[in-house]
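One letter stands for each residue in the lines below.
Protein chains: 2
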Amino acid sequence: MGWSLFHPFLCMRIVLDAMGGDHAPAVVVEGAVQAARESGHEIVLVGDEARVRPLLARHIGDGSRSGLPISLVHASQTIEMEEHTLAVKQKKDASLNVGMRLVRDGQADALVSAGNSGAVMAAALFQLGRIHGIGRPALALVYPAAPNRCVLLDIGAVTDPKPEMLMQNALMGAAYAECVLHIARPRVGIVSNGEEADKGSELVRDAYKLLTASPLNFVGNVEGKDIGRGVADVVVTDGFTGNVIIKLSEGLVSFLARYIRQEFTRGVLNKLGLALLLPGAVMMLPGALLLLPSLRRLMRKVDYAEYGGALLLGVEGVVVIAHGRSNARAIANAVRLAAQAVQGNVPGAIKVGLDRLSASRYQPSATRGDELRKSSFVTG
Amino acid sequence: MGWSLFHPFLCMRIVLDAMGGDHAPAVVVEGAVQAARESGHEIVLVGDEARVRPLLARHIGDGSRSGLPISLVHASQTIEMEEHTLAVKQKKDASLNVGMRLVRDGQADALVSAGNSGAVMAAALFQLGRIHGIGRPALALVYPAAPNRCVLLDIGAVTDPKPEMLMQNALMGAAYAECVLHIARPRVGIVSNGEEADKGSELVRDAYKLLTASPLNFVGNVEGKDIGRGVADVVVTDGFTGNVIIKLSEGLVSFLARYIRQEFTRGVLNKLGLALLLPGAVMMLPGALLLLPSLRRLMRKVDYAEYGGALLLGVEGVVVIAHGRSNARAIANAVRLAAQAVQGNVPGAIKVGLDRLSASRYQPSATRGDELRKSSFVTG
Numbered sequence: 001m002g003w004s005l006f007h008p009f010l011c012m013r014i015v016l017d018a019m020g021g022d023h024a025p026a027v028v029v030e031g032a033v034q035a036a037r038e039s040g041h042e043i044v045l046v047g048d049e050a051r052v053r054p055l056l057a058r059h060i061g062d063g064s065r066s067g068l069p070i071s072l073v074h075a076s077q078t079i080e081m082e083e084h085t086l087a088v089k090q091k092k093d094a095s096l097n098v099g100m101r102l103v104r105d106g107q108a109d110a111l112v113s114a115g116n117s118g119a120v121m122a123a124a125l126f127q128l129g130r131i132h133g134i135g136r137p138a139l140a141l142v143y144p145a146a147p148n149r150c151v152l153l154d155i156g157a158v159t160d161p162k163p164e165m166l167m168q169n170a171l172m173g174a175a176y177a178e179c180v181l182h183i184a185r186p187r188v189g190i191v192s193n194g195e196e197a198d199k200g201s202e203l204v205r206d207a208y209k210l211l212t213a214s215p216l217n218f219v220g221n222v223e224g225k226d227i228g229r230g231v232a233d234v235v236v237t238d239g240f241t242g243n244v245i246i247k248l249s250e251g252l253v254s255f256l257a258r259y260i261r262q263e264f265t266r267g268v269l270n271k272l273g274l275a276l277l278l279p280g281a282v283m284m285l286p287g288a289l290l291l292l293p294s295l296r297r298l299m300r301k302v303d304y305a306e307y308g309g310a311l312l313l314g315v316e317g318v319v320v321i322a323h324g325r326s327n328a329r330a331i332a333n334a335v336r337l338a339a340q341a342v343q344g345n346v347p348g349a350i351k352v353g354l355d356r357l358s359a360s361r362y363q364p365s366a367t368r369g370d371e372l373r374k375s376s377f378v379t380g
Numbered sequence: 001m002g003w004s005l006f007h008p009f010l011c012m013r014i015v016l017d018a019m020g021g022d023h024a025p026a027v028v029v030e031g032a033v034q035a036a037r038e039s040g041h042e043i044v045l046v047g048d049e050a051r052v053r054p055l056l057a058r059h060i061g062d063g064s065r066s067g068l069p070i071s072l073v074h075a076s077q078t079i080e081m082e083e084h085t086l087a088v089k090q091k092k093d094a095s096l097n098v099g100m101r102l103v104r105d106g107q108a109d110a111l112v113s114a115g116n117s118g119a120v121m122a123a124a125l126f127q128l129g130r131i132h133g134i135g136r137p138a139l140a141l142v143y144p145a146a147p148n149r150c151v152l153l154d155i156g157a158v159t160d161p162k163p164e165m166l167m168q169n170a171l172m173g174a175a176y177a178e179c180v181l182h183i184a185r186p187r188v189g190i191v192s193n194g195e196e197a198d199k200g201s202e203l204v205r206d207a208y209k210l211l212t213a214s215p216l217n218f219v220g221n222v223e224g225k226d227i228g229r230g231v232a233d234v235v236v237t238d239g240f241t242g243n244v245i246i247k248l249s250e251g252l253v254s255f256l257a258r259y260i261r262q263e264f265t266r267g268v269l270n271k272l273g274l275a276l277l278l279p280g281a282v283m284m285l286p287g288a289l290l291l292l293p294s295l296r297r298l299m300r301k302v303d304y305a306e307y308g309g310a311l312l313l314g315v316e317g318v319v320v321i322a323h324g325r326s327n328a329r330a331i332a333n334a335v336r337l338a339a340q341a342v343q344g345n346v347p348g349a350i351k352v353g354l355d356r357l358s359a360s361r362y363q364p365s366a367t368r369g370d371e372l373r374k375s376s377f378v379t380g
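Heads up: the protein sequence lines correspond to chains A and B, in order.
Numbering follows the numbering used here, with no gaps: position 200 of the first sequence is 200.
Numbering follows the numbering used here, with no gaps: position 98 of the second sequence is 98.
Some hints could be false.
For chains that are exact copies, the list does not tell them apart, and a pair is met inside one copy or across any two.
[Unchecked claim] As a list, the in silico PhoX-like pairs of lysine-lysine whose alpha-carbon atoms are at most 20 Å apart:
{"hint": "1", "residue 1": "K199", "residue 2": "K247"}
{"hint": "2", "residue 1": "K225", "residue 2": "K209"}
{"hint": "3", "residue 1": "K247", "residue 2": "K351"}
{"hint": "4", "residue 1": "K225", "residue 2": "K247"}
{"hint": "5", "residue 1": "K162", "residue 2": "K199"}
Bear in mind the hints are in silico, worked out from the structure with no lab data behind them.
Assemble the whole structure, with the sequences as input and the hints as a guide.
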């Protein structure tokens, strides 16, 4: 492997599930080429060789002369996007299972898939297993539609978590924020229907108490309007609410962008109809030229292709789930996110966090132990 | 009362809680004047006479010559915005309680308040009572940030409802859509984290079954991205999720509007810096003139001042809760919403819906009764 000349960190080997995603395998192969070219990381495509090899050849020929570090591992089975999660148990040789085993056996550093997210989570649990002490994994995303970056989780792994799971999500989200976004001592908030401590569902009020007692930098409730407004670096919620938040944000942004584009066009037409036909149109041009790139920047800000995907936290390895509709750029960005999570050692940071948490829990008994020692000193 | 010359419906008498809202009583009085002028409805301001009378005099003098149908009822106590809901029980002569009693005793048709929403709900329950058969009231809002109108509920009354309450919310939301938005046989959906029937939290999956078996026009799960996209006229959720949806939408729209304004300004400055300084600026003007009204229209679309407020459903009367930050226009729009709900007889429609629901439930036993009769005919 060795050091890349262009990147100040160790080159990694990232598994790409060639068969996952609405436009697989073509788009995944394209993304692999883009990722290898841009990042210098070694990409291991896992999937049906008969379908993947010709696609790859189209991009890099037989591979020997392209110099791109892309290899191919055959997997005889595929889990379809609509297939039930149980298929993961049945299809032992599915690309997802083969890929996860490469990560488990240390032959690769991380796995990226744009496949059925339920299946990816099941395969990760099945092949990699949970981190010892973690109740259930969580899916975490850097919330895109906001001025300040923050990690939002869980966005869909567990719809009915227990309060303890929300606290573990907080811990895992903090590890993500520290190791990947490089935020020191990240502020953790919990989604609620009001700022005050007594607001929230029963679940949220119970988790609030656990978070207050934890060693995390807990800053309290975060209302819907404040997500990504800089009040917290990690925003914790259950997988049901998190999923609604992400999908509502995506929907709203695309609606508003369309709305503004319509309004603008209508405005231009109105003005045109009014009077100075041709001179008017010429006068409009700079406005239009100005507005369009701005809209494009906005759309890019919330485009799943840009944020790379969600990090699956709580399993023994780095797994990134990209959007099912991913294009090649989204795949390449997901590879970049996976590499950052490996470099930052997110699973390791979660373990350290768990140790700190259990140490803080034993604090009272340790104090009692001190008292016991003192009293025995007095009596001794 | 008689018929208004300007409105094709009976004039109503609407109570306005003069003391409710961040800018009460000044803004509420201003809103009362605006509502009386525009709607022709009679407005009964309830509050501290010593504070309200002078404010009113500023707008309409002693009232005798203005011709505006505004009257004043004194209430010696006020429930502050931050006060605990329990205050409603203690302050019997609070403006909210006095106003609710006017509605209860048939001296007014509806009540509008921009006060502490917990207090308004408590006063409504306390003075008006629940509609027989309704488990808990719900707060319903016409979702503003979308191309298609739909009623979203509950947006904050009950954070941990039972599945039966979600079904009753569906019924009450359908009554709202029918009577106020005039949508025949409204399509009802439930917020979930996926379209498929097996998606959702335990609560949602249980409510899904009840809704499928009900006589309502149930169309299934609605994802976050599809709220207000025309897939359902009534979107049901729990008060926790509904509150997050509304606040996230408000927050996102104001963020995006700010973002676009910034981008635009930055664009203008960039271009200015580039070359044709003054001519460039002149060229920019039409674009700016075009963009600003479009942005303003967008902001108005999601402005709480425009949608008037939330309708409290499930109590024996019409109660509208306006945004705490309401300005005079918001108050006047809330009065208009209250009048529409009275005219459409929303509480009556809810009762009809409940009857239909329980009739559909007795259907199986009625069938069994028929069979019993048949068998006795055979044996008889």
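Quick rundown of the hints versus the structure:
Within a single copy, K199 and K247 get their C-alpha atoms only as close as 24 Å, which misses the 20 Å cut-off; across copies the closest is 15 Å, which meets it. When the C-alpha separation of K225 and K209 is checked against a cutoff of 20 Å, the pair qualifies neither within a copy, at 23 Å, nor between copies, at 32 Å. In this assembly of identical chains, the alpha carbons of K247 and K351 never lie at most 20 Å apart, being 31 Å within a copy and 35 Å across copies at closest. Taking identical chains as interchangeable, the C-alpha atoms of K225 and K247 lie at most 20 Å apart whether they share a chain (15 Å) or sit on different chains (5 Å).
Within a single copy, K162 and K199 get their C-alpha atoms as close as 17 Å, and across copies as close as 18 Å, so both meet the 20 Å cut-off.
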